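Number of protein chains: 2
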Amino acid sequence: VVEAAGGRAGIVKPQVAFFERYGSAGFSALEKVLGAARASGLLIIADAKRGDIGSTAAAYGQAWLTPGSPLEADAMTISAFQGVGSLADPIRLALAAGKGLFVLAATSNPESLAVQTAFVQQGPRAGATVAASIVAEVNESNGDARDSGTLGSCGVVIGATVSLADYGLSAEDFSAIPILAPGFGHQGAGFDAIERVYGPSGRNILVNSSRTILEAGPADIASAVSTQVRELAKVYAA
Amino acid sequence: VVEAAGGRAGIVKPQVAFFERYGSAGFSALEKVLGAARASGLLIIADAKRGDIGSTAAAYGQAWLTPGSPLEADAMTISAFQGVGSLADPIRLALAAGKGLFVLAATSNPESLAVQTAFVQQGPRAGATVAASIVAEVNESNGDARDSGTLGSCGVVIGATVSLADYGLSAEDFSAIPILAPGFGHQGAGFDAIERVYGPSGRNILVNSSRTILEAGPADIASAVSTQVRELAKVYAA
Chain A
1 VVEAAGGRAG
11 IVKPQVAFFE
21 RYGSAGFSAL
31 EKVLGAARAS
41 GLLIIADAKR
51 GDIGSTAAAY
61 GQAWLTPGSP
71 LEADAMTISA
81 FQGVGSLADP
91 IRLALAAGKG
101 LFVLAATSNP
111 ESLAVQTAFV
121 QQGPRAGATV
131 AASIVAEVNE
141 SNGDARDSGT
151 LGSCGVVIGA
161 TVSLADYGLS
171 AEDFSAIPIL
181 APGFGHQGAG
191 FDAIERVYGP
201 SGRNILVNSS
211 RTILEAGPAD
221 IASAVSTQVR
231 ELAKVYAA
Chain B
1001 VVEAAGGRAG
1011 IVKPQVAFFE
1021 RYGSAGFSAL
1031 EKVLGAARAS
1041 GLLIIADAKR
1051 GDIGSTAAAY
1061 GQAWLTPGSP
1071 LEADAMTISA
1081 FQGVGSLADP
1091 IRLALAAGKG
1101 LFVLAATSNP
1111 ESLAVQTAFV
1121 QQGPRAGATV
1131 AASIVAEVNE
1141 SNGDARDSGT
1151 LGSCGVVIGA
1161 TVSLADYGLS
1171 AEDFSAIPIL
1181 APGFGHQGAG
1191 FDAIERVYGP
1201 SGRNILVNSS
1211 RTILEAGPAD
1221 IASAVSTQVR
1231 ELAKVYAA
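As you go down the protein sequences, you meet chains A and B in turn. My numbering applies: residue 1 is where the first sequence begins, and numbers increase by one. My numbering applies: residue 1001 is where the second sequence begins, and numbers increase by one.
Honestly, the hints are just simulated from the structure, not real lab data. Here the structure is a predicted model, which means the values were calculated and not measured. From the three backbone atoms N, C-alpha and C, an ideal C-beta is built for every residue, glycine too. Possibly wrong hints are sitting among the right ones.
Claimed, not checked - Chain B is nowhere near these chain A residues, computed Cβ spacing over 10 angstroms in every case: (1) Pro110; (2) Ile221; (3) Val229.
To be verified - List time: in silico DSBU-like cross-link candidates among lysine-lysine, alpha-carbon distance up to 35 angstroms: (4) A/Lys99 / B/Lys1032; (5) A/Lys32 / A/Lys234; (6) A/Lys32 / B/Lys1099; (7) A/Lys234 / A/Lys99; (8) A/Lys32 / A/Lys99; (9) A/Lys32 / B/Lys1032; (10) B/Lys1099 / B/Lys1032.
Input sequences plus hints: build the corresponding full structure.
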């Protein structure tokens, strides 16, 4: 996959679970993949969906975002079930090291709706949905970027299969926030979802295509990457 | 820690983040710790707080709960930010393999309050808090155990620093659910919280003591374990 993506795509997103299944041997293989991706000039998002509090959340940030760490990536996915505030240490680390975080907000699976659309009762975001309160806190974490019109280091995960309105969100919430967008291809969204779901925030999204590419198999995977990139370029040109 | 706990405590709960920080070398060390714990007759809860959907959630379950896996534990902590339904595969795996899962519900950190006390709007649990809806779905997952008066394989994490009422929960919700209870010691709860916080469910809880024991240092750690166990026995005897 790294060979196929190098020079054709910008970013690879290894799914950590499929390496973790093999224990330390799996992580050793992942370290080789990360090294090869870096050597190919690819950026890496570690799809780890870690989450914890305090010194433990800090350790997860160190594992994936510290320059020189064996598992160093350019960004990681992370979960705020224990509050965006519980992620203060990895957020600080990302901002300091020029790395990125993508906090789960409105994910692409239907079972997520109950938790992510629940209405917050406590604290300064009372009345907002869980998804909207996470997006607002991530936006605050981006500090200066928010005001300068550039994208911040802290992003969110918003699936391409969702309707923003269902989650109490609107496209204007994301002016300074990069969006990692799963849900294309096998999970059901076509590239037409970029305009329909994300509207003006469609310029901020990282379109994720996994199984559509992997299914092509070793012989055809490079051309599958190129096809996806070409189709995406057409969407943005239009 | 394993040497100190063997024969004195029932369970060890390694915090995966602190191994992950060292990449594959850290996981290799963790595999040795897990092997030593098993050889000492200790049960192991992998504090991993993983979470994802579909085949990825299944892979996390396989990593930690499959007999013979390099990272095999007896139970793991897991997050339902994407819905308890997203954890169907690891739940099935736990039930089939006689392993356990502890789903985060009402954790011990104050930043978690906004998400975990939010009111669900969608689906069959509308009107319940996120924490209560997770507890109810975990209870359903336990199937037969729920009706036979025994504890099920699926548990929840309820911090000893919380008030159940704040999270829309009551002690009666846990009749068939084991509870992993962090928050004792450094996070602020004394053993008196067992009765005060958990009431009649105090019989279902796994009391977690980490830093209070670790801080004793290598020379005194075994006696620190014994002291904690003795104090806990007094609470239950009373």
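Cross-check of the supplied hints:
no.	hint	verdict
1	Pro110	8 angstroms, violated
2	Ile221	19 angstroms, holds
3	Val229	24 angstroms, holds
4	A/Lys99 / B/Lys1032	32 angstroms, holds
5	A/Lys32 / A/Lys234	34 angstroms, holds
6	A/Lys32 / B/Lys1099	32 angstroms, holds
7	A/Lys234 / A/Lys99	29 angstroms, holds
8	A/Lys32 / A/Lys99	20 angstroms, holds
9	A/Lys32 / B/Lys1032	22 angstroms, holds
10	B/Lys1099 / B/Lys1032	20 angstroms, holds
Checked against the numbered hints given earlier, this structure breaks only hint 1.
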